[in-house]
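In order, the protein sequences belong to chains P and V.
If you read the first sequence in the numbering used here, its first letter stands for residue 57, the second for the next number, and so on.
If you read the second sequence in the numbering used here, its first letter stands for residue 1167, the second for the next number, and so on.
There's no promise every hint is true.
Claimed, not checked - Pairs of lysine-lysine, DSSO-like flavour, derived with a Cα cap of 27 Å:
{"no.": "1", "chain 1": "P", "residue 1": "LYS118", "chain 2": "V", "residue 2": "LYS1381"}
{"no.": "2", "chain 1": "V", "residue 1": "LYS1488", "chain 2": "V", "residue 2": "LYS1304"}
{"no.": "3", "chain 1": "V", "residue 1": "LYS1168", "chain 2": "V", "residue 2": "LYS1440"}
{"no.": "4", "chain 1": "V", "residue 1": "LYS1168", "chain 2": "V", "residue 2": "LYS1319"}
{"no.": "5", "chain 1": "P", "residue 1": "LYS74", "chain 2": "P", "residue 2": "LYS118"}
{"no.": "6", "chain 1": "V", "residue 1": "LYS1440", "chain 2": "P", "residue 2": "LYS116"}
{"no.": "7", "chain 1": "V", "residue 1": "LYS1381", "chain 2": "V", "residue 2": "LYS1206"}
{"no.": "8", "chain 1": "P", "residue 1": "LYS74", "chain 2": "V", "residue 2": "LYS1209"}
{"no.": "9", "chain 1": "V", "residue 1": "LYS1304", "chain 2": "V", "residue 2": "LYS1319"}
{"no.": "10", "chain 1": "P", "residue 1": "LYS74", "chain 2": "V", "residue 2": "LYS1206"}
{"no.": "11", "chain 1": "P", "residue 1": "LYS118", "chain 2": "V", "residue 2": "LYS1371"}
{"no.": "12", "chain 1": "V", "residue 1": "LYS1214", "chain 2": "V", "residue 2": "LYS1488"}
{"no.": "13", "chain 1": "V", "residue 1": "LYS1488", "chain 2": "V", "residue 2": "LYS1209"}
{"no.": "14", "chain 1": "V", "residue 1": "LYS1214", "chain 2": "V", "residue 2": "LYS1319"}
{"no.": "15", "chain 1": "P", "residue 1": "LYS74", "chain 2": "P", "residue 2": "LYS124"}
{"no.": "16", "chain 1": "V", "residue 1": "LYS1206", "chain 2": "V", "residue 2": "LYS1440"}
{"no.": "17", "chain 1": "V", "residue 1": "LYS1235", "chain 2": "V", "residue 2": "LYS1220"}
{"no.": "18", "chain 1": "V", "residue 1": "LYS1371", "chain 2": "V", "residue 2": "LYS1168"}
{"no.": "19", "chain 1": "V", "residue 1": "LYS1381", "chain 2": "V", "residue 2": "LYS1319"}
{"no.": "20", "chain 1": "V", "residue 1": "LYS1209", "chain 2": "V", "residue 2": "LYS1444"}
{"no.": "21", "chain 1": "V", "residue 1": "LYS1319", "chain 2": "V", "residue 2": "LYS1371"}
{"no.": "22", "chain 1": "P", "residue 1": "LYS124", "chain 2": "V", "residue 2": "LYS1440"}
{"no.": "23", "chain 1": "V", "residue 1": "LYS1381", "chain 2": "V", "residue 2": "LYS1220"}
{"no.": "24", "chain 1": "V", "residue 1": "LYS1220", "chain 2": "P", "residue 2": "LYS116"}
{"no.": "25", "chain 1": "V", "residue 1": "LYS1444", "chain 2": "P", "residue 2": "LYS124"}
{"no.": "26", "chain 1": "V", "residue 1": "LYS1214", "chain 2": "V", "residue 2": "LYS1371"}
{"no.": "27", "chain 1": "V", "residue 1": "LYS1206", "chain 2": "P", "residue 2": "LYS116"}
Read the hints as simulated data drawn from the structure, not as lab findings.
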Amino acid sequence: MFDALIIDEFCEILEIEKHEFSDQIVFQDLDAWDSLAELSLLMAIEEHFGLVISGDDLSKVKTIGDLKGYLSERGA
Amino acid sequence: MKFSFNNTKISSIECLVPRSISRFEDEIEDYPQSEASSRKLMKAMGYKEHRIFKNPVSFSSVAHRLLEKNDALLEDVDALVVVTQTPDRLIPSTSSILHGLLGLPTSVFCLDINDGCAGYIKGVVTSASLLESGMVEKVLLVCGDVLSQFVSKQDRNSYPLIGDAVSATILERSSDARISGIRGELFVDGRNAFAITIPVGGSEKRSSTETLRAKLADDGNIRSENHLVMNGRDVFAFTQSTVAEFLTRFLQDFDCVDADRFYFHQANKFILDKLRVKLGIEDPYRLPTRVIESYGNSSSATIPLAVCLDQLEGKQKKANQKAVFAGFGVGLSFGAFVTKTGSIRNTAFYQEDI
């Protein structure tokens, strides 16, 4: 579900290398994770998948794997 | 609520902001986050400067200062509507206090409205309702906030954006169809009422030494329970879905996709730019962002401030422009109206420290 373009964008936002990108990545554990990274991620998801994640839903999405699950549940 | 006023015009708008300029650069060291991340945020969000009063001031003192400058505004006023989230006191109403300061006749109808971002829309609707009922002839609508004193200097979510300002708008009855007419809609979604809030100080929870203590919050900012807190995620989701959808539909339903100007509440530049793109407004000059960039977010004063500056700087391409006024935010409320700006005969903009 994540094409090369969105993976590139996520890696830039999360400040990780492409080879580090995996479902196991926990957002909170990343050095680059702050309110700006969170906002940038929300925006990228909105632009790419046309989905706006509510504040409540976002607090349940702790890893990239969680994010994938969330998006596929919503038909992305 | 849908509304349609055919015999109301906005005839005057005057505004006052602090003279001293506060810069993001000088405030960076107060934020608990790293300087590097703050600079990144500054670049992404367009934070630069804002106008806040250096010392705490009462709302009525700022409003009084503004209204002292032009006696003509007060002549024959028979209703005073005050929209603010920073009343002088819990009791009495700020409109009562201002009534006393201005020495208005006792027959003047006074009303306080606790509202912010969409507060100008609500204030105009209320004023127009009073006018078109035939009960009054001239309404003085005072909108704004002196909110900076209620925001923690260590809260990077909110402090960079906050602006202090008070505006005074005069609304009157008019039978000239070319320049009168205010039509629009107003909504509220109270399910997310606490997305923007000051939790303590009212009847739900009283202030105490404990509530006044600054603490590190989950979002990495430092604030007390007596400070403003804004849930960035919820507010972002709200503007990108609910507000964007509302405005898209509004522009179609009210036939104002071709409006000359879009005076949107100046929440932050980032959100305004995103909304502008979503609404297909290609020319950025049609949607001014000058207020948030230079003066900050002063809640219900940002819309009249944007109109005021536009008029004073001669930015309008023609005298009688079709304009959309839209507010969205605290409540969570959202609303808009379309009107003609040719009715506005007087504008003034003051910069003073109090």
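The hints, checked one at a time:
A distance of roughly 24 Å separates the Cα atoms of LYS118 (chain P) and LYS1381 (chain V); the hinted pair therefore holds under the 27 Å criterion. As the CA atoms of LYS1488 (chain V) and LYS1304 (chain V) are separated by approximately 23 Å, the hinted pair is consistent with the 27 Å bound. A C-alpha spacing of about 26 Å is found between LYS1168 (chain V) and LYS1440 (chain V), which places the hinted pair at or below 27 Å, so the restraint holds. Between the alpha carbons of LYS1168 (chain V) and LYS1319 (chain V) the distance comes to roughly 39 Å, so the proposed pair goes past 27 Å and is violated.
The hinted pair formed by LYS74 (chain P) and LYS118 (chain P) meets the criterion: a straight-line CA distance of about 19 Å does not exceed 27 Å. Distance check on the hinted pair: LYS1440 (chain V) and LYS116 (chain P) sit about 26 Å apart at the alpha-carbon level, within 27 Å; holds. The suggested pairing of LYS1381 (chain V) with LYS1206 (chain V) holds, with an alpha-carbon distance near 24 Å, which does not exceed 27 Å. With a C-alpha separation of about 25 Å, the suggested pair LYS74 (chain P) and LYS1209 (chain V) falls inside the 27 Å cut-off, and the hint holds.
Only pairs whose Cα atoms come within 27 Å are accepted, and LYS1304 (chain V) paired with LYS1319 (chain V) is rejected, the gap being roughly 40 Å. Taken as a hint, the LYS74 (chain P) and LYS1206 (chain V) pair is honoured in the structure, with Cα atoms around 22 Å apart against an allowance of 27 Å. Distance check on the hinted pair: LYS118 (chain P) and LYS1371 (chain V) sit about 32 Å apart at the alpha-carbon level, beyond 27 Å; violated. Taking the CA atoms of LYS1214 (chain V) and LYS1488 (chain V), the gap is near 31 Å; set against the 27 Å cutoff, the hint is violated.
This hinted pair does not check out: LYS1488 (chain V) and LYS1209 (chain V) have alpha carbons roughly 33 Å apart, beyond 27 Å. Straight-line distance between C-alpha atoms of LYS1214 (chain V) and LYS1319 (chain V) comes to about 15 Å, which keeps the hinted pair within the 27 Å bound. With a C-alpha separation of about 17 Å, the suggested pair LYS74 (chain P) and LYS124 (chain P) falls inside the 27 Å cut-off, and the hint holds. The straight-line distance between the Cα atoms of LYS1206 (chain V) and LYS1440 (chain V) is roughly 18 Å, inside the 27 Å bound, and the hint therefore holds.
Using a Cα cut-off of 27 Å, the hinted pair LYS1235 (chain V) and LYS1220 (chain V) holds, with the two alpha carbons roughly 22 Å apart. With a CA separation close to 35 Å, the supplied pair LYS1371 (chain V) and LYS1168 (chain V) exceeds the 27 Å bound. Between LYS1381 (chain V) and LYS1319 (chain V) the CA atoms are separated by roughly 13 Å; this keeps the pair inside 27 Å, and the hint holds. Between LYS1209 (chain V) and LYS1444 (chain V), the direct Cα distance comes to roughly 21 Å. Compliance with the 27 Å bound is thereby established for this hinted pair.
Of the supplied pair hints, the one linking LYS1319 (chain V) and LYS1371 (chain V) holds, its CA atoms being roughly 23 Å apart against a limit of 27 Å. For the proposed pair LYS124 (chain P) and LYS1440 (chain V), the alpha carbon gap of about 25 Å is at most 27 Å, so the pair holds. In summary, the hint linking LYS1381 (chain V) to LYS1220 (chain V) is supported, as the alpha carbons are separated by about 23 Å, within the 27 Å threshold. A hinted pair counts as satisfied when its Cα atoms are at most 27 Å apart, and LYS1220 (chain V) with LYS116 (chain P) does not qualify at roughly 40 Å.
Restraint check: the Cα-Cα separation between LYS1444 (chain V) and LYS124 (chain P) comes to about 25 Å, which is no more than 27 Å; the hinted pair holds. Taking the CA atoms of LYS1214 (chain V) and LYS1371 (chain V), the gap is about 35 Å. The hint is violated against a cut of 27 Å. At roughly 26 Å between alpha-carbon atoms, LYS1206 (chain V) and LYS116 (chain P) fall within 27 Å of each other, so this suggested pair holds.
Hint compliance for this structure: hints 4, 9, 11, 12, 13, 18, 24, 26 are broken, all remaining hints hold.
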